[in-house]
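**Student:** Protein sequence lines, in the order shown, are assigned to chains L and A.
Read in order, the letters of the first sequence correspond to residues 977 to 1367 in the working numbering.
Read in order, the letters of the second sequence correspond to residues 2 to 363 in the working numbering.
I should point out that these hints are in silico values taken from the structure, not numbers from a laboratory.
It should be emphasised that the depicted structure is a prediction, and the values quoted were computed from it without experimental measurement.
Hints may contain errors.
Using 27 Å as the maximum straight-line C-alpha spacing, the simulated DSSO-like pairs for lysine-lysine come out as follows [to be verified]:
1) LYS997(L) x LYS342(A)
2) LYS309(A) x LYS1093(L)
3) LYS342(A) x LYS978(L)
4) LYS1356(L) x LYS1257(L)
5) LYS978(L) x LYS343(A)
6) LYS1131(L) x LYS997(L)
7) LYS1093(L) x LYS183(A)
8) LYS342(A) x LYS985(L)
9) LYS1030(L) x LYS1356(L)
10) LYS1050(L) x LYS997(L)
Computed, partial: chain L to chain A, Cβ under 10 Å [stated by the list, open to error]:
11) ALA979
12) GLY1031
13) TYR1119
Cβ atoms here follow ideal geometry from the backbone N, Cα and C, with glycine treated the same way.
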Amino acid sequence: MKAACWMNKRDVRVEEVPDPKILNSRDAIIRVTSTAICGSDLHLYNGFIPTMEKGDILGHEFMGEVVETGPGLKNKLKVGDRVVVPFPIACGNCTMCQRDLFSCCENSNPNAYIAEKLFGHSPAGLFGYSHMLGGYAGGQAEYARVPFADIGPLKVPDGMTDEQVLFLSDILPTGYMGAEMCNIKRGDIVAVWGAGPVGQFAIASAYLLGAEKVIAIDRFPYRLRMAKEGAGAAETINYEEVSVQEALKEMTGGRGPDACIDAVGMEAHGHGPVYAYDRVKQAMMLESDRPIALREAILACRSGGTVSVIGVYGGLIDKFPMGAIVNRSLTLRSGQTHVHRYMRPLLEHIQRGDIDPTFIITHRLQLDDASEGYSMFSNKQDECMKVVLKT
Amino acid sequence: MTTATQPERQYSGSTREPWDDTGGEMPARNGRETDRTEREGSEDGEGLARALGWFSIGLGLTQIIAPRGLARMIGVRDDEDNRNTMLAIGLRELATGVGILSRPRPAGWVWGRVGGDAMDLALLGTAMKSQNSDKSRVTAATAAVVGVTILDIIAGQRLTHNSLGNGSGSAPGAKTGITHVKQLITVNRSPEEVYTFWRDFENLPLFMEHLESVRVTDDRRSRWKAKAPAGSTVEWEAEITEDRPNELIAWRSVEDADVPNSGSVRFTPAPGDGGTEIMVELRYDPPGGKLGAMVAKLFGEEPNQQVKGDLRRFKQVMELGEVVRSDASIHRTMHPAQPSKKPVSQPPRINGAPVNAEGEIL
Chain L
977 MKAACWMNKR DVRVEEVPDP KILNSRDAII RVTSTAICGS DLHLYNGFIP
1027 TMEKGDILGH EFMGEVVETG PGLKNKLKVG DRVVVPFPIA CGNCTMCQRD
1077 LFSCCENSNP NAYIAEKLFG HSPAGLFGYS HMLGGYAGGQ AEYARVPFAD
1127 IGPLKVPDGM TDEQVLFLSD ILPTGYMGAE MCNIKRGDIV AVWGAGPVGQ
1177 FAIASAYLLG AEKVIAIDRF PYRLRMAKEG AGAAETINYE EVSVQEALKE
1227 MTGGRGPDAC IDAVGMEAHG HGPVYAYDRV KQAMMLESDR PIALREAILA
1277 CRSGGTVSVI GVYGGLIDKF PMGAIVNRSL TLRSGQTHVH RYMRPLLEHI
1327 QRGDIDPTFI ITHRLQLDDA SEGYSMFSNK QDECMKVVLK T
Chain A
2 MTTATQPERQ YSGSTREPWD DTGGEMPARN GRETDRTERE GSEDGEGLAR
52 ALGWFSIGLG LTQIIAPRGL ARMIGVRDDE DNRNTMLAIG LRELATGVGI
102 LSRPRPAGWV WGRVGGDAMD LALLGTAMKS QNSDKSRVTA ATAAVVGVTI
152 LDIIAGQRLT HNSLGNGSGS APGAKTGITH VKQLITVNRS PEEVYTFWRD
202 FENLPLFMEH LESVRVTDDR RSRWKAKAPA GSTVEWEAEI TEDRPNELIA
252 WRSVEDADVP NSGSVRFTPA PGDGGTEIMV ELRYDPPGGK LGAMVAKLFG
302 EEPNQQVKGD LRRFKQVMEL GEVVRSDASI HRTMHPAQPS KKPVSQPPRI
352 NGAPVNAEGE IL
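The following block holds chain L by itself, in its conformation from the complex (with noise of 0.2 Å):
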């Protein structure tokens, strides 16, 4: 089968290999009909993930036809089922899943022990994700292996298309669950840092969730225009054009924002000798993520609001403004999404028509222009948002 390979940093190439196989008994085999380039993807394609290697199938926002099932699936998923698949692989059984911390499952990570040096305990596998995250292929390919499948993916209702449920394999619930750590109040207003696809849905579930205003902090004049048009951002800012301390505290009467999400994570883009700083610390591997955002989120938050944390971060940061956190009372919460919480509850809004997740779609490939794909996306051109491959 076709699938896009990681050759090396900022080399993607759509390589012959293996069809996958069953490996364990609740396993099924999608023959994937949609697959989407994911902003985290990026930070593999920029090489700021580690235990990559030559030829590692990415991928982790997918969906498609059930071709072949496991012994142990029973009568939960058939041949034919048409499926969106959820971009952390858990299992179900162990005491994290069992409290629906889905991104946490104990079992799931065959390589839990490289996860283990660095994160201290190890989190669960995740499709195309490094080998320190399982070493699972990832599902940009033309067909996809995929475990514990009677938990994880979720049966699409007849008659939604693959562009209308694609995104519920993580970015939808990714900017759902961000909203959501914020524990919104009537009168809220809502920061987002970083107005790429997370973001927008971030902004999007601000408002099913009950925000009164939600302000959008980018730097590309169209990603702030699709956060209004799009997503429904009450204001927007970009950061190149005015201070982002000055204006949010102009948009909220001084207080600064009851909730910041930071939807941006570890290659933070800034600007003077801090944002030198980290480039050069990171250049250097003394520290491996960029905190920008979420410096500035955290300054920037009123006094008890909560900082919300969907970025992804992959080591250590410095200059942690700590003390304000401490000092102002700040809630900091975060995680991995534990997509399998959300689905369903999104596939209904989906269907009420509450959100239509497909505005952020721009362009639409062939898996065969991965490359070009990956390429467009990191560079911003041609306004790239969203990357969709059909295979």
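Here the structure of chain L is known, so what remains is to put chain A in place on it, guided by the hints.
**Tutor:** Only chain A this time, still in chain L's reference frame:
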């Protein structure tokens, strides 16, 4: 098979703690971190490498923050070119220092330092020829770099030896010393279930990677066969020294074993409805010679990691009925995360205990 309802059984000589058979030979472990292997008499390049790692960071920071002072100290002219060179070297020093300190296996980074040393010596050689430098200071700096290079090479050799599985870098045939391993895991199953599964020693190879088979010969004794490199095997006879249903099993090899070893596993109910906390302790005394080298390889460079991996697989077998596999983990060595070309060697199976009569995974 022992069941939960059987009364407590104690074998002769088992009133002591299972680890007490050493007559106080093992050091007290109270208050120590649980995640450490204790290898008596083991001295490897790690300590030296760590020191070199910090040295790298210190020197790197000095070169970045105070290039002028350092230039004067080593006797080269303080001009823009030299400052830039200094900055580049400083960045390199920082990167290797962090690499040495943060990597699980720092050998590569230490050899990186050796490469850096060669570069520095070449630069100092150039400085020596230059008319603008203080010859005596450059000579002193060169001597210092030569000294550090020697240390780097020693550390690199020791670490490389270790990662090749020769234990403590000692010559083949030397004793590697008693190894003690202690690991814990929590399994979402009752003490009765996990005890019963473990008590049937013939189940152990399902999750202990290096075990080929265990054959139970009678109520107390069993014959263990472990995989060793190059297709060979190591065998020994073990006896149960203590068996407290749902609480503890302890065993040790009988007297004439090639590799004297003992082990115990404790089962404690986790707080709340959290399943069972399992603590495994293993102790083995690899002999000298070829067999010793083989055993060292068998238990791996990091026996704690090996045992923790076994416990993770035990948890998977208990909670899921089988060992979880990814596209990369089915290979013995590093392999890209893509499906294997070869047919799958181990077809999916639903193992013994946690599966009910209909074959449904519990």
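**Student:** All the hints need checking, so say for each whether the structure fits it.
**Tutor:** Structure-based check of each hint:
| no. | hint | result |
| --- | --- | --- |
| 1 | LYS997(L) x LYS342(A) | 10 Å, holds |
| 2 | LYS309(A) x LYS1093(L) | 13 Å, holds |
| 3 | LYS342(A) x LYS978(L) | 14 Å, holds |
| 4 | LYS1356(L) x LYS1257(L) | 25 Å, holds |
| 5 | LYS978(L) x LYS343(A) | 17 Å, holds |
| 6 | LYS1131(L) x LYS997(L) | 21 Å, holds |
| 7 | LYS1093(L) x LYS183(A) | 17 Å, holds |
| 8 | LYS342(A) x LYS985(L) | 25 Å, holds |
| 9 | LYS1030(L) x LYS1356(L) | 25 Å, holds |
| 10 | LYS1050(L) x LYS997(L) | 18 Å, holds |
| 11 | ALA979 | 7 Å, holds |
| 12 | GLY1031 | 3 Å, holds |
| 13 | TYR1119 | 8 Å, holds |
Going through the hint list in order, the structure satisfies each hint without exception.
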